[in-house]
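Trainee: For the protein sequence lines, the chains are A and B, in the order given.
Quick note: the first sequence uses this note's numbering, first residue 1, plus one each step.
Quick note: the second sequence uses this note's numbering, first residue 1, plus one each step.
No wet-lab data here; the hints were simulated from the structure.
The structure presented is a predicted model; accordingly, all values stated were derived computationally and were not measured.
Heads up, some of the hints might be wrong.
Stated by the list, open to error - Here are the simulated PhoX-like pairs of lysine-lysine, each with C-alpha atoms no more than 20 Å apart in a straight line:
| id | chain 1 | residue 1 | chain 2 | residue 2 |
| --- | --- | --- | --- | --- |
| 1 | B | K14 | A | K128 |
| 2 | A | K27 | B | K115 |
| 3 | B | K46 | B | K61 |
| 4 | A | K26 | B | K199 |
| 5 | A | K227 | A | K237 |
| 6 | B | K199 | B | K189 |
| 7 | A | K33 | B | K14 |
| 8 | B | K189 | B | K117 |
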Amino acid sequence: MNDRKAVETAPLHLPVKSVSTKSSLKKFAVRHKDALIATAILSPMILWWLVLSGFPTLFGFFLGFFEWVGIADSPKFIWFDNYIRFFHDPLYYEALWRSVWMGGLVTSITLIAGFGAALLMNMPLFGKGIYRSIWYIPAVTSTVATTQIFNLLLDTNNGVINNFLKSIGKEPIVWQYSVFWGVFWIVVYSVWKGVGGAALIWLAGLQSVDVSLYEAAEIDGAGRWGKLWNVTLPGLKPIATYIVITSLIGAIQIYEQVLFMTNGGPYGKTEVLVFRIYRDAFWDFNMGMAGASSLIMAVVVFIGTVFYYRWSTNSDRSTTIKIKGGPKA
Amino acid sequence: MKEALSKKVAFQLKPGNLLAHLVLLGVGLVLLYPLVFMILAGFFTKTEFTSSIIGLIPIAKAPTLYNFTVLFHGTADSSLQRYFVNSGYRTIYNTFWALLTSLLAGYVFARLRFKWKDQLFLILLGTQMIPGTIALIPTYLEFARWPFAGGNDIFTGGKGILDTWWVYFIGGPSLNIMGAFLVKQSIEKIPYELDEAAKVDGAGTIRIIFQILLPLQLPIMAFIAITTALATWNDFATPFFYTSSDKLQTLPAAITRLSSAAASPGAIPNWPLIITLGLGMTIPALLIFFFFQKYIVQGLANTGIKG
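Can you make the complete structure from the sequences, with help from the hints?
Mentor: Here it is, written out as structure tokens:
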């Protein structure tokens with residue numbers, strides 16, 4: 001907020017006073033100059049955004065209160081029946097639960113592996129820039145293309161992994177018939193894609209920890225682990241909040257890899273909620289349930305974020321950041 | 001300073017460092033494996049790929065460049081070249097708008113003072129938490145009922161702007177909220193006196209944004225450009241859901257179509273072709289990444305909050 005103070009104390013604002021005796025319209029324009037410029041710049045963008053995101057999203061939530069199956073049918077207002085069904089139909093509440101634990105699993109593996117990698121990349125190694133790039137490469141590839149490669153590796157008859165199992169004398173596995181392996185490969189794919197990005201963010205955090213703190217800890221006789229525990233981890237607190245929240249929000253909403261890898265199968269046992277929403281909307285044309293599920297998903301994500309944020313800021317006040325109008329450095 | 005320290009000891013091979021090298025390289029190769037596999041499999045013909053046993057490192061006995069040339073010439077049944085060009089157009093267009101909107105909105109939220117500013121910004125940021133899937137069907141309906149377009153009288157009668165270029169012109173870019181957030185944070189680090197000095201010299205708002213602040217935002221702008229470009233390049237949803245004619249398809253949508261055809265029982269998917277299309281998508285993405293990776297690291301560092 002230092003810019004605000006600068007405006008109020010800056011002696012350069014004299015022109016404002018000198019024109020204040022002009023007509024009332026001009027006075028208005030001068031007094032509200034910022035607001036007018038902001039309106040001129042923001043309104044076209046926000047209008048565009050409303051047409052493309054705001055309105056469709058609200059409309060989607062609104063549809064949650066209707067029974068509407070098939071575009072040709074006309075919607076029927078049914079109050080909260082869709083929401084009641086959500087918590088009684090295992091198709092839905094199980095999908096929500098699966099989203100939560102799979103999202104949690106993907107996030108924890110990605111973040112822990114990424115943290116380990118970041119610690120290694122932060123060492124004075126020759127060619128660490130190359131490692132950084134290699135690890136990040138999966139993140140820039142397209143989900144559609146790379147899930148197809150994974151499918152190919154997991155093909156039952158001529159997949160590389162089954163061929164390998166056969167060559168070492170093991171029975172080939174029909175991955176597609178097993179819930180465990182379906183979840184396993186979705187998690188592996190998600191970690192494969194996310195670990196490099198997590199490592200880079202952790203690395204940025206590690207490098208922003210004050211070097212003098214390490215020197216102080218060394219003088220106090222701290223070893224490598226002592227420094228990690230007492231200097232690095234507390235210093236990473238703000239970035240940890242950020243990365244955990246954003247990764248969780250992302251991982252809970254995973255659906256493309258489910259769509260392209262298992263398609264929810266076998267028997268819908270790998271369906272996650274966003275995939276279920278997709279399925280309702282595009283295969284069954286059940287807009288009502290899709291809308292209701294989306295609202296529930298949004299609420300879950302929101303509550304989770306608020307709780308995590310509260311928890312992580314309460315446990316240590318000294319390193320917190322204000323989030324008024326977004327986090328500040 | 002840390003960099004300078006690390007350069008001095010770069011060539012020492014302590015056992016700890018050796019272990020770090022081994023882990024980083026070993027896991028790195030595993031991470032790269034699917035892409036290596038993709039490149040190698042691109043040399044197979046369809047018959048060889050389906051008839052021979054594919055090992056961990058697939059080497060074609062009769063390697064062919066056919067799949068790769070298909071990328072540039074297209075075939076009779078699918079016009080790959082067009083998919084490429086469409087993907088490229090969309091990428092450039094969306095990136096342009098993302099840069100413009102995030103710069104302008106970032107400036108407004110960082111520098112101007114007006115009522116409800118913080119509230120408005122929080123609402124915009126908050127919407128980032130809502131799953132985008134919910135908007136897919138309403139957007140479809142909205143496009144189909146676009147007033148006076150595609151044979152609509154007002155709202156009904158025709159197919160609206162579905163399956164036209166308008167899907168990309170209107171529906172592609174929008175206000176880039178994450179970008180605006182990043183620019184806002186970055187501008188707030190620049191002293192306000194710089195703006196004041198420019199104002200005294202007679203610069204207007206537009207000049208302040210584009211001549212004074214923009215040059216200082218280049219790293220963050222590069223980051224926004226890369227992330228938007230990659231997201232658009234890899235986006236399958238927009239073309240897949242809102243267009244159907246061949247002339248509007250992009251690479252990811254084409255792959256989605258090929259692979260959903262592959263999912264139908266009995267059909268033998270043309271894996272080498274799918275793989276080659278995948279390569280056609282991946283290589284430009286990798287090039288973008290390699291040329292601008294410096295900015296990705298910087299940008300990611302800026303998205304994180306430093307303590």
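Trainee: What hints, given by number in increasing order, does this structure fail?
Mentor: 7
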